[in-house]
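J.: Chains A and B, in that order, are what the protein sequence lines are. Every letter in the first sequence is one number past the one before it in the numbering used here, and letter 50, counting from 1, is 50. The numbering used here runs 128 ahead of the 1-based position in the second sequence.
Please note that a few of the clues may not be correct.
Here are the simulated EDC-like pairs of lysine to aspartate or glutamate, each with C-alpha atoms no more than 20 Å apart in a straight line [said to hold, decoys possible]: (1) B/Lys329 to A/Glu65; (2) A/Lys91 to B/Asp324; (3) B/Lys209 to B/Asp180; (4) A/Lys2 to A/Glu90; (5) A/Lys98 to A/Glu57; (6) A/Lys106 to B/Asp180; (7) B/Lys241 to B/Glu212; (8) B/Lys207 to B/Asp290; (9) A/Lys106 to B/Asp290; (10) A/Lys34 to A/Asp8; (11) A/Lys110 to A/Glu65; (12) A/Lys91 to B/Glu325; (13) A/Lys110 to B/Asp280; (14) B/Lys241 to B/Asp290; (15) B/Lys333 to B/Glu275; (16) A/Lys73 to A/Asp45; (17) B/Lys415 to B/Asp375; (18) A/Lys91 to A/Glu65.
Label pairs and their calculated CB-CB ranges [what the hints assert, rightly or not]: (19) B/Val403 to A/Ala118: 26 to 32 Å; (20) A/His43 to B/Leu188: 34 to 40 Å; (21) A/His43 to B/Gln322: 38 to 44 Å.
A short list of chain A residues far from chain B (calculated; beta carbon distances all over 12 Å) [to be verified]: (22) Lys14; (23) Glu26; (24) Thr27; (25) Met37; (26) Ala38; (27) Lys39; (28) Val42; (29) Glu65; (30) Lys68; (31) Leu70; (32) Glu111; (33) Lys116; (34) Ala118.
It should be emphasised that the hints constitute simulated quantities derived from the structure, not laboratory data. Just so it is clear, CB atoms sit at the ideal spot from N, CA and C, and this is done for glycine as well.
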Amino acid sequence: MKVLIVDDFGSIRKILGQMLRQMGHETIEAIHGKDAMAKLEVHPDIGLIMLDWDMPEMNGIQVLEALKLLRDKMAQRPTVVMVTTNNQMEKIVHAMTKGANEYIMKPFTKEILEEKLALLGITGGSRA
Amino acid sequence: MPCPYDDRFDGDDREMTVIARETLSFFFTFFQRESGLVLDESKTYLIESRLDPLVRAEGLSSIDELRKRIQQETSPVLKKKVIEAMTTNETSFFRDITPFTVLKTTVIPEVVKANQKSRRLRIWSVACSTGQEPYSLAMVVAELAPELQGWDVRILGTDIADKVLDRAQAGVYTQHEVQRGLSVAYLMRFFAQQGDEWAVKPEVKHFVQFRQFNLLTDFSSLGTFDVIFLRNVLIYFDNATKKQILDRMGHALSPGGTLFLGGTETPIGITDQWVRVKLDQGICYKKQRSA
């Protein structure tokens, strides 16, 4: 599956990219929300977005709002997993209400990533 | 599936001390006798990893000294600590997912039909460690609340180690733990945030009771169950002990009841008391009619 990793921290993009590629996925990186929207235009076949919340230019919630408008026009509706340090219940509820499909709180491990993706039916390089 | 005991030490490159052969043999016999746990030289690293923290906590210099202390002491306290250190297992919520899906879509609806008269559902989570499995079962039950309205539902979680049961009973988990296998939808619905930790809500907790229990002892005091989750437990026992446990599980299961084992475990070749049943994507076991 083609996965878009959106995070302003290079170290997070790197580690997430390594984990996802080890799982058999293809990864693309974006450094903030605006960059993510641009990457989505170039790669309409992106199936999964790993989305940070706090970023310059355009934050994760703004990306979720933009995706809502864009989703009808897209070839497939990408699944969105928030990956963020925001670990308060009200923040989680807010992101889920805005259209996220899953939520990972930083710090996380490869096991957490694998188990969360498995809950979404995403295993290995494909969707089960 | 790799041994879950080993998973916990992936990437742990601490230097370990060399254990005397005599000490290793002592612990092989000790764990086999006290908890039925079968270990050999290939598990030396595991013994070191598990007992090293206890050695330090007790102010001892080595695992050899720990062995001498156990041999000298008549008090069961240290023995108990050693067994707990060896048998405690990191686990996740909804481990392997499928058994819980099968339970929800097929097994509980079957019990609902079969137990219309008694309106009673009993589930046993064996070797439940810090409680993630029984609470996952309780979340499934809570989701089926409309179908189970007016039913007497009880989930029993047992483990040989007191220490993990205290944590299970508290039902409070770290951020790391609530991310292991638990969907955010369940986190939002069934947990309350308490500072940096997450507590299981009373609506889930009230289904679950915990009890210290050694699988090598008599099961009859526990009653009978409609569903037994005996997952990733048998792998630690030799075939004779596996047979003994599986046969006695048969008596602890209600007629028509369902047994779930771990993905790599099977009663085939050990006992002929069980029939393998494929339900949706999952495998479970039912008692032979004649058994």
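J.: Each hint needs a verdict: does it hold in this structure or not?
T.: Hints, one by one, checked against the model:
1. B/Lys329 to A/Glu65: violated, 31 Å
2. A/Lys91 to B/Asp324: Distance ~14 Å between A/Lys91 and B/Asp324 Cα, so the pair holds.
3. B/Lys209 to B/Asp180: holds, 12 Å
4. A/Lys2 to A/Glu90: violated, 30 Å
5. A/Lys98 to A/Glu57: holds, 19 Å
6. A/Lys106 to B/Asp180: violated, 30 Å
7. B/Lys241 to B/Glu212: violated, 40 Å
8. B/Lys207 to B/Asp290: holds, 13 Å
9. A/Lys106 to B/Asp290: Roughly 31 Å separates the two Cα atoms, so the pair is violated.
10. A/Lys34 to A/Asp8: holds, 11 Å
11. A/Lys110 to A/Glu65: violated, 28 Å
12. A/Lys91 to B/Glu325: Measuring from Cα to Cα gives roughly 15 Å; hence the hint holds.
13. A/Lys110 to B/Asp280: Violated, at about 39 Å.
14. B/Lys241 to B/Asp290: Given that 20 Å is the threshold and the Cα spacing comes to 36 Å, the pair is violated.
15. B/Lys333 to B/Glu275: Satisfied, since the Cα-Cα distance of roughly 19 Å is no more than 20 Å.
16. A/Lys73 to A/Asp45: The given pair, whose Cα atoms are some 12 Å apart, holds under the 20 Å limit.
17. B/Lys415 to B/Asp375: Roughly 10 Å separates the two Cα atoms, so the pair holds.
18. A/Lys91 to A/Glu65: holds, 15 Å
19. B/Val403 to A/Ala118: 26 to 32 Å: 29 Å Cβ-Cβ, so the 26 to 32 Å window holds.
20. A/His43 to B/Leu188: 34 to 40 Å: About 59 Å separates the Cβ atoms of A/His43 and B/Leu188, which means 34 to 40 Å is violated.
21. A/His43 to B/Gln322: 38 to 44 Å: Roughly 41 Å apart at Cβ, these two residues keep to the hinted range, so it holds.
22. Lys14: Per Cβ check, A/Lys14 is outside 12 Å of chain B; nearest 18 Å; holds.
23. Glu26: holds, 25 Å
24. Thr27: holds, 21 Å
25. Met37: holds, 24 Å
26. Ala38: holds, 28 Å
27. Lys39: Given a closest Cβ separation of 25 Å, the condition holds.
28. Val42: holds, 29 Å
29. Glu65: holds, 19 Å
30. Lys68: holds, 18 Å
31. Leu70: For A/Leu70, whose nearest Cβ neighbour in chain B is about 23 Å away, the distance exceeds 12 Å, so it holds.
32. Glu111: violated, 7 Å
33. Lys116: Incorrect as stated: the minimum Cβ-Cβ distance to chain B is 7 Å, not above 12 Å.
34. Ala118: Not fine: 6 Å to the nearest Cβ puts A/Ala118 too close to chain B.
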